[in-house]
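Asker: Sequence:
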Amino acid sequence: MKFNRVLLIGAPFLYSLVDEEILQTHAITPIYSYKKNSHVNQTKHGIVVFYETLSAENLSTIITETKPDAIVCYNDNFLIQTAKLRDQFSLHGIGSNEIGKFKLKSEMYKALEKNIPVPKTIKINTSTTLEEILTQLGDGPYFIKPDNLAGAEGTAYIPTLTELKNWFSSEHRHHGPYVMQKFYDLPLVHCELYVQDEVIVYIQARRYSYPNHKFLEGKIIASLPIADKHLSQLIEKQAEAVVKSLGYKNGVMHTEFFVDHNHSLIFLETNIRQAGGAINLIHKNRAGLSMETAMILLEFEKNLELKENYSKHEICGYIPIQQGKVIDIKFPRLKGEYYFDVRVKIGDICYQPTSASNTAIAFVGSSHSLEDLEEDFHCLESNNIIKYA
-8 MKFNRVLLIG APFLYSLVDE EILQTHAITP IYSYKKNSHV NQTKHGIVVF YETLSAENLS
52 TIITETKPDA IVCYNDNFLI QTAKLRDQFS LHGIGSNEIG KFKLKSEMYK ALEKNIPVPK
112 TIKINTSTTL EEILTQLGDG PYFIKPDNLA GAEGTAYIPT LTELKNWFSS EHRHHGPYVM
172 QKFYDLPLVH CELYVQDEVI VYIQARRYSY PNHKFLEGKI IASLPIADKH LSQLIEKQAE
232 AVVKSLGYKN GVMHTEFFVD HNHSLIFLET NIRQAGGAIN LIHKNRAGLS METAMILLEF
292 EKNLELKENY SKHEICGYIP IQQGKVIDIK FPRLKGEYYF DVRVKIGDIC YQPTSASNTA
352 IAFVGSSHSL EDLEEDFHCL ESNNIIKYA
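The sequence shown runs -8 to 380 under the working numbering.
FYI, nobody ran anything at the bench for these hints, they're computed from the structure.
There's no promise every hint is true.
Stated by the list, open to error - With a straight-line cut-off of 35 Å between C-alpha atoms, the simulated DSBU-like cross-links for lysine-lysine are:
1. Lys210 / Lys173
2. Lys111 / Lys210
3. Lys205 / Lys228
4. Lys101 / Lys114
Said to hold, decoys possible - Derived Cβ-Cβ restraints for the label pairs, each shown as a range:
5. Thr52 / Arg334: 28 to 36 Å
6. Glu98 / Gln343: 29 to 37 Å
7. Ser46 / Gln343: 24 to 32 Å
8. Tyr329 / Glu208: 19 to 27 Å
9. Asn68 / Phe331: 20 to 28 Å
10. Ser81 / Tyr175: 26 to 34 Å
11. Asn157 / Ala18: 25 to 33 Å
12. Gln15 / Thr151: 33 to 41 Å
13. Tyr329 / Asp130: 41 to 49 Å
14. Asn157 / Phe41: 21 to 29 Å
Ideal Cβ placement from N, Cα and C applies to all residues, glycine included.
Construct the complete structure from the given sequences, taking the supplied hints into account.
Answerer: Structure follows, in structure tokens:
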């Protein structure tokens, strides 16, 4: 039996969620790429390769040497380079001509605006003037974010015209490209789904505790179930419309919306990769198949064997790092069952987070009672789990 090879690009902790036994039944061999000197996960059926730095040039060398049949990228900030590598080596999957609408926010909004409510958006470059912004967006507050990054990295909340002028005169202005929108002070929800041959075979809508940029202000960003079934159905229907409007055929998708006061939805953005913040672990439990494994199978257009028989409610989230020296870590008593991934230790010197990857603790919890999970979240918020000096 001939085995197909797939080159995987992403963080090592995501590789542990790849089910090699399932891949083996489909005659797929994973090739795990690591930065040199990083910790390497054990593999029974896979191949391990190394690069000096994550770049198209270094990955091109690896592709030449290993000859994969496909590439799957778990790194949001390397999706464009991955698409170009597919073109370069004539590999199946989304290429550079198509990746823009799935990755660049400015192109994404243009592709969707005819069918789905999207924020009015301006792409900021070095020639954009304050007058153009005021004319097109009106008075603030505003929200600025990089056109092609994820995890709240590089974002800025701009409440006043004075602060907008300050941002324009700062060095950030030249790190673009950026997009600017009116700021929405509204609840944020999200929806994950698996698409196979243009058919959605798995979907679930959930809600965030806070918009993701609040993580940079020290808020615990959690994903919780939605008790309102009507709202959940509206979100899932709109996420399906995003799939159709973008012409997405095979893969996973993580889409976010603001919820207005009358339950109308405003599209924020979508991503064609596994969800972050341990949301991927929730869907692994619910679907019986990890998003990471599904991405590989769908790249090869293999059938997904889903087992949606999970009955508990689940919560997950991440607690941001704060400035200072870690002097104590103590967890409160909670009602649900929890797993905590503690990424700092006593004695560590920490700094304010610059993106959602600067996580002190990630957690996943479950309970048969949604009310218990709500109480647990408020307990986590009110307890200083990590004490800093």
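Asker: Run every hint past the structure and note whether it holds.
Answerer: Results for each hint:
no., hint, in the structure
1, Lys210 / Lys173, "holds, 22 Å"
2, Lys111 / Lys210, "holds, 27 Å"
3, Lys205 / Lys228, "holds, 27 Å"
4, Lys101 / Lys114, "holds, 11 Å"
5, Thr52 / Arg334: 28 to 36 Å, "holds, 31 Å"
6, Glu98 / Gln343: 29 to 37 Å, "holds, 32 Å"
7, Ser46 / Gln343: 24 to 32 Å, "holds, 28 Å"
8, Tyr329 / Glu208: 19 to 27 Å, "holds, 24 Å"
9, Asn68 / Phe331: 20 to 28 Å, "holds, 27 Å"
10, Ser81 / Tyr175: 26 to 34 Å, "violated, 42 Å"
11, Asn157 / Ala18: 25 to 33 Å, "violated, 57 Å"
12, Gln15 / Thr151: 33 to 41 Å, "violated, 58 Å"
13, Tyr329 / Asp130: 41 to 49 Å, "holds, 44 Å"
14, Asn157 / Phe41: 21 to 29 Å, "violated, 43 Å"
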